[in-house]
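So the chains spell out like this:
There are 2 protein chains.
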Amino acid sequence: MLSFNEALEIVNQKINAVVYPEKPQNLYAPIQYILTLKGKKVRPVLTLLSCNLYKEDISDAISPALVWEIFHNFTLMHDDLMDKAEVRRGKPVVYKVWDENTAILSGDAMLILSYQYIADISSDKLKPVLDLFSKTAMEICVGQQYDMDFEKRLDVSVDEYIEMIRLKTAVLLGAALKTGAIIGGAMPSDAEKLYDFGMNIGLAFQIKDDLLDVYGDPDVFGKQIGGDILCNKKTFLLINALNLVCGADKEILLQQITSESIAPETKIKTVTDIYNRLNLRAIAESKMDVFYQKALNSLHSVQVDDCKKTVLADFARDLMKRES
Amino acid sequence: MLSFNEALEIVNQKINAVVYPEKPQNLYAPIQYILTLKGKKVRPVLTLLSCNLYKEDISDAISPALVWEIFHNFTLMHDDLMDKAEVRRGKPVVYKVWDENTAILSGDAMLILSYQYIADISSDKLKPVLDLFSKTAMEICVGQQYDMDFEKRLDVSVDEYIEMIRLKTAVLLGAALKTGAIIGGAMPSDAEKLYDFGMNIGLAFQIKDDLLDVYGDPDVFGKQIGGDILCNKKTFLLINALNLVCGADKEILLQQITSESIAPETKIKTVTDIYNRLNLRAIAESKMDVFYQKALNSLHSVQVDDCKKTVLADFARDLMKRES
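Protein sequences, first through last, are from chains A and F.
So that you can map any letter, position 96 of the first sequence is 1528 in this note's numbering, and since no number is skipped, the others follow by simple counting.
So that you can map any letter, position 56 of the second sequence is 1488 in this note's numbering, and since no number is skipped, the others follow by simple counting.
Any given hint might turn out to be false.
A pair counts as met if it fits within one copy or between any two copies, since identical chains are not told apart.
BS3-like cross-link-like pairs, simulated, lysine-lysine; straight-line CA separation at most 27 Å [unchecked claim]: (1) 1567 - 1446; (2) 1584 - 1528; (3) 1567 - 1455; (4) 1584 - 1455; (5) 1487 - 1559; (6) 1665 - 1455.
The set of hints was computed from the structure by calculation and includes no laboratory data.
Chain A with its partners taken away, still in its complex shape (with noise of 0.2 Å):
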């Protein structure tokens, strides 16, 4: 069985070994510097792992694997210019060193270039996964449109906010492993369990994002503290509270999102108050923990030895248990 860091050198010998055609630059070179910055590429090596529990010999799942972590950064390359991000991984975003019309140019031919690896499976098992993947990458689209929308909305619901973080996030997990079981030759109730062990880790995983932002261990974390208060992002939190804020409160909150003219350490002490005064920690934690035990549980139920199984579900304990 291969561990998580023996898939992931795997991994990243594979795409540091990609040779882009040298011309156009302009259209290759952003490919291969989002493609090479340091990241977990999680995806990919999900669908090796996954590969792992039905063959021994993972060779035909790495193109699969691959195009997992080139749909991610094409989305990644796309999202950031819509949302104006400036940094990526610690370093500056693609429309930042290069310019918006190559951002979104190379992440056109990022998406076709996922395609190009997909056609590379062999032709029993192309269309399950080509069918998997496109509905898959529709679902993360629909996901970011969803979150725009939100953005100028303040009366999500928390399911709306679930289905927005399953579509955008969680299911592009679940499809990962869903791969690596299909070119492994799964019977296709364990590849089901696999996508839904994924897409419950994600939903998981995003919750734990969206508390680290407030309550993350500052010397651990990594990024500022309360970055996504700042922005008004509209979390599991902020989404909470104002489903739950009401009396003083409720203006305090809406006063914090709305004024320009609020110091940040002011907004974000303000706002994590009320959170605190709204229990949402606990609340986050446990909706985190509840899609955590359905992924153990789906994962409980692949048919496939315990002891194959455990690479996976460490894997997610970790996940629950970082702290940046």
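Given chain A, work out where chain F should sit, using these hints.
Just chain F now, with coordinates in the frame of chain A:
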């Protein structure tokens, strides 16, 4: 045999019958908007006509035909944003009706949608069409990149220009025809010849387009004569002018391109006069004719009854004669 207009009727019916998910509206409404703009829908029609050379029943070619129309409109949605265009087929472009992010994300969704239509193809033909599609889509990105790169250069050679328009526009016509041939069950050599027919028609068509901007009949053309001249667009005429001009005209031409204080009508007249002195109209018409003849030769060698090929030959002739 289907006529061009019968094929167009089928395409229009199918495009108008596409049912989009209701939500998120901001993702799907722009797709419906751009796909239902009045347009010639040449590419899907070519797929149907090409298939019809080999099969009476073209129903299997309908989804693959729509692939090319959806894909083509994806490129328009992103190109209009990159090129800061205002109007497309007489209507405001998507990023003006909605916003830039919408044009990016709905465009992405259209690219994925094209692949979803490809997945409908029967399994024995899926892989060749998938490969053709991805190769062509990537070539079109490369062509758009060259086009943008050329904007900043004054030393583009005629060969570089031809290669750029081949990638950016001509391969798409070739691929639409080849797709129909594959679906129709043509011999690979015929599929290749139909590809060459389309590609060469595309090259001739683009040079015709460049010519019409300067030498078109203002009453028929529908757009302002000299629009390309005003925005210094690197057309076949300007590229040739930059390569051929010398003496006093060279200084005048460079001044026209670089100065921003010249009155539009003066600029159009001055540049057109230089084109005339360099005999560029004849040079362009001659180059156009070379590609047109190559196209006809390719079509001629397709192993199908001549009477069946009339519809494609007529289409090519009409394109060469078009005045708008």
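Now the hints, each set against the structure:
no., hint, verdict
1, 1567 - 1446, "both (26 Å within a copy, 22 Å between copies)"
2, 1584 - 1528, "both (25 Å within a copy, 19 Å between copies)"
3, 1567 - 1455, "between (32 Å within a copy, 15 Å between copies)"
4, 1584 - 1455, "between (41 Å within a copy, 16 Å between copies)"
5, 1487 - 1559, "both (20 Å within a copy, 25 Å between copies)"
6, 1665 - 1455, "between (39 Å within a copy, 22 Å between copies)"
Against the hints set out earlier in the document, no violation occurs for any number.
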